[in-house]
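Participant: The task is simple: from the sequences and hints, build the whole structure.
Following our numbering, the residues of the sequence shown are numbered contiguously, the last one being 190.
FYI, nobody ran anything at the bench for these hints, they're computed from the structure.
Okay, derived cross-link-like pairs now, DMTMM-like style, lysine to aspartate or glutamate, Cα gap no bigger than 20 Å in a straight line:
hint : residue 1 : residue 2
1    : Lys-66    : Asp-55
2    : Lys-58    : Glu-48
3    : Lys-90    : Asp-106
What follows is a set of in silico ranges between Cβ atoms, one per label pair, in the way DEER data are often shown:
hint : residue 1 : residue 2 : range
4    : Glu-48    : Val-25    : 17 to 23 Å
5    : Asn-80    : Thr-111   : 38 to 44 Å
6    : Ala-104   : Arg-159   : 54 to 60 Å
7    : Ala-69    : Ile-34    : 47 to 53 Å
8    : Arg-159   : Val-127   : 29 to 35 Å
9    : Ala-187   : Arg-159   : 21 to 27 Å
10   : Ala-18    : Thr-65    : 57 to 63 Å
11   : Ser-31    : Ala-69    : 58 to 64 Å
12   : Glu-48    : Arg-23    : 25 to 31 Å
13   : Glu-48    : Arg-89    : 54 to 60 Å
14   : Asn-124   : Asn-92    : 29 to 35 Å
Ideal Cβ placement from N, Cα and C applies to all residues, glycine included.
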Amino acid sequence: MSKPTGKLIRLTAGNVGAVPVGRKVNNKPLSADISLSAGDVGAYSKTETDNKVADAKKAGTDAQTKANAASTAATNANNNANGRVPSGRKVNGKPLTSDITLGAGDVGAYTKAETDSKISMSSNGAVMNIRRGAPVNPPKQNEYGPKESPAGCIVTSVRHDPTTSYGIFFTYRPLQILVNGAWKTLAGDA
1 MSKPTGKLIR LTAGNVGAVP VGRKVNNKPL SADISLSAGD VGAYSKTETD NKVADAKKAG
61 TDAQTKANAA STAATNANNN ANGRVPSGRK VNGKPLTSDI TLGAGDVGAY TKAETDSKIS
121 MSSNGAVMNI RRGAPVNPPK QNEYGPKESP AGCIVTSVRH DPTTSYGIFF TYRPLQILVN
181 GAWKTLAGDA
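Facilitator: Dropping the structure here:
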């Protein structure tokens, strides 16, 4: 400590490391002891904080419960929708308000009867099949037999004729064609 000088010293707050009495802490004057609460510093009290945490946990639990219920509802809705189509859907322009039946025309096709008719019209006059007619054994013209088969015929058998020295015995058959459901025998240039 320093020695007394005999002079009167006036102490100030600054000389003794004190603050002025009029100073405030969070709007509370320091004229007496003060106590600050959580609310004075912009915070929640422990009780308020615990309540807020409990509310948040409950909200989270409630949200999970609602999410689970929504998931179950969505699953049920999805299961209910499986195997179904929207009621406004159409098939080839026909609404699905009841059972429908599509015909060939609905899909841009001909019916069987129309197709058969078109085939019949396109084959009108056309050769639809060919076959051999009945066998013909022509008489001998001389010892050597005929020179050839008639037009429209095919030779089907040639053998030696034992009744002549050099002659042959042969068979031919006329060709037949199926046109418009009828068989016609070819002859000449037919």
